[in-house]
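Novice: Residue numbers for the sequence shown follow our numbering, so the first one is 9 and each next one is one higher.
The set of hints was computed from the structure by calculation and includes no laboratory data.
Worth double-checking, as some hints may not be accurate.
Stated by the list, open to error - Listed next, the in silico BS3-like pairs over lysine-lysine satisfying Cα-Cα at most 25 Å (straight line): (1) Lys506 - Lys478; (2) Lys302 - Lys370; (3) Lys188 - Lys176; (4) Lys253 - Lys313; (5) Lys392 - Lys176; (6) Lys176 - Lys533; (7) Lys533 - Lys506; (8) Lys313 - Lys91; (9) Lys253 - Lys176; (10) Lys360 - Lys236; (11) Lys253 - Lys302; (12) Lys91 - Lys303; (13) Lys506 - Lys302; (14) Lys303 - Lys313; (15) Lys302 - Lys520; (16) Lys506 - Lys520; (17) Lys91 - Lys188; (18) Lys393 - Lys176; (19) Lys236 - Lys253.
Unchecked claim - Restraint ranges, calculated between C-beta atoms of paired labels, are given here: (20) Trp428 - Ile310: 24 to 32 Å; (21) Asp241 - Thr111: 38 to 46 Å; (22) Thr65 - Arg553: 30 to 38 Å.
Glycine residues also receive a C-beta, built at the ideal position from the N, C-alpha and C atoms.
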Amino acid sequence: MDANRLGRRQLLQGALGLAALGALGACGSGGSATGGAGSGSAQANARVTLPGHVPFTGLKADLPGTADGALPAFFAYPADPVKFTAEVPARGGAVHALCTMNTPPTPLAGNRYWQALNQALGAELKITGAPTADYVNKFQTMMAGGDLPDTMEVRANTPQLPGLLEAKFQELSEFLSGDKIKDYPGLANIPTTSWQSTVYNGGIYGIPIHLPAIRLAASARADIVAAKGLSLDVRSGAEFVALLKGLTEPSANKWAIDEPLSTLEFVGAMLGVANNWKVEGGRFTKNYEQPEMKKALEVVAILWKDQVFHPDAFTATGAQKVAWMSSGATKIHVGASTWSNIAIAARAADPKAELKALQPPKFDGGGPAPTYLGPAVFSITGLKKAPKDRIEEVLRVLNWLVSPFGTAEHRQRVYGVKDWDFTLKGTDPIHTDAGKSETTVPTLYIAASPVVHYAPGHPDITRNEYEAEKAALVDAEPWPIGGLYSATDQSQGATLDKRMRDLQADIIQGRKPVSAWDEGVAAWKSGGGDKTRAEYQDALQQSGRN
């Protein structure tokens, strides 16, 4: 995956977490309950003209993006990156941002990367950060204080989001709607799908941080699979189970797979479980309620009992799971659709290591199962209300930060100062120890260019990831609540879904029987699920969509 993007663990939290939170991708009515634009907001949202998409053409991809949504792929970084912006975006002073900060960078006074970035931006970039787990609390504290930064990372689980956006944040349609986006070519390079999640209260309220459209995929150590005489070409649930068992050797501390809850969703897709919600004739059914979900729980609980999962799978960090795949302790990972970082780590441990995709079949056979798509966004960056010239200046700064892959600005933002933060291996920039420390300045949570496929020094890995994405997009199930909003889901959905995930974990690990799922679903419905359903159904009706 392009190194300008989120780390693997954060990407998973975005891609999978949005499935649970269900709100940020649901750009919809403010509704009187939220202090938003009222009951007519869904129709107003439908009338919003999204920013036009003007793809960057200054660098030809080795493998082009496709109409289905496959991301472009690059086998190497260009030797002489082209200049993207014509002028320094700011005119002095400072731009203050609030965003996630999981790893504090080297302070500005001793950070050549940050100093050079400020010079390129024409302003001092000041960042207030908080770890992922505490970010929403930090956000709310700053909102209550009233002295807001210029830009703020807005998360899906922000309470009373539509009303908050309307009261505190700049509505950006006059700057970005339709062809107006062409004044900011970096922002215009962001795919239209991601902009859908910025629409609230009949307007555009932020800049999207792009994610791939596919939110769940499986990759496997194809070299180990082949060495065992097995095949990744599984045609049914039974063949999938047989593959996992064939890759499992607990006595040798070797297991098949590393992500139980993601595997549950993967098996659910094979069984026909909906992508978060199923919508038929205007009626919403949550995936929890489908009988196929209970069947998926039964399958995965048996797999746990058969020891196909690493025994520490529920508690391990993302870094540990990468290490398992690299060493061969596990052979299959289910998670984000970009997995080149795992493939690179495995190749470093074993030059013969090769990762390839494992496409899910329908459980009873009969072809491939559909691929789950998400809202193609991690979060959005909102701008505080300000005079027009200040909004334009901040937009120019964000436009610089999203400069496309392969440009001089992108290389500087991602890799830093040449021969200090990075050196070249061929034409590929590789971080030095100084760069690894300095470039943790969390610009990617403020604004980042769209994801591309890029595995430095490993064109075969880049090709494998790209071809897997193309194949998966042939039969894709869209994100069902795009353009819709539920106040209950936005305020209570994260808590409700955590309870259901905890119950799933209990059932999979044998602490509770599969029959406990029925009671859990009933509690979900009475605790807010039925109200969420009604709000989505109402929003869909208001939107005028089928």
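Novice: Can you confirm whether the C-alpha distance between lysine 188 and lysine 176 stays at or below 25 Å?
Specialist: Holds: lysine 188 and lysine 176 sit about 23 Å apart, inside 25 Å.
Novice: Keeping to a limit of 25 Å between CA atoms, is the pair of lysine 176 and lysine 533 held or broken?
Specialist: violated, 33 Å
Novice: Could one say that the CB atoms of aspartate 241 and threonine 111 fall in the range 38 to 46 Å?
Specialist: Given about 40 Å between the Cβ atoms, the range holds.
Novice: Take the C-alpha atoms of lysine 236 and lysine 253, compute the straight-line distance between them, and say whether it is at most 25 Å.
Specialist: holds, 12 Å
Novice: Can the restraint linking lysine 91 and lysine 303 be considered satisfied, given a maximum Cα separation of 25 Å?
Specialist: The given pair, whose Cα atoms are some 54 Å apart, is violated under the 25 Å limit.
Novice: Is it true that the CA of lysine 506 sits at most 25 Å from the CA of lysine 302?
Specialist: The given pair, whose Cα atoms are some 17 Å apart, holds under the 25 Å limit.
Novice: Are the Cα positions of lysine 506 and lysine 520 separated by 25 Å at most?
Specialist: holds, 16 Å
Novice: Given the hinted pair lysine 253 and lysine 313, is their Cα-Cα distance within 25 Å?
Specialist: This hinted pair holds, its Cα atoms lying about 11 Å apart.
Novice: CA of lysine 302 to CA of lysine 520, is that 25 Å or under?
Specialist: holds, 13 Å
Novice: Is the straight-line distance between the alpha-carbon of lysine 302 and that of lysine 370 25 Å or less?
Specialist: holds, 16 Å
Novice: For a C-alpha distance cap of 25 Å, please report whether lysine 393 and lysine 176 respect it.
Specialist: holds, 6 Å
Novice: Mind checking the hinted window 24 to 32 Å against the Cβ distance between tryptophan 428 and isoleucine 310?
Specialist: Roughly 54 Å apart at Cβ, these two residues miss the hinted range, so it is violated.
Hint violations for this structure: numbers 1, 6, 8, 9, 12 and 20, all remaining hints satisfied.
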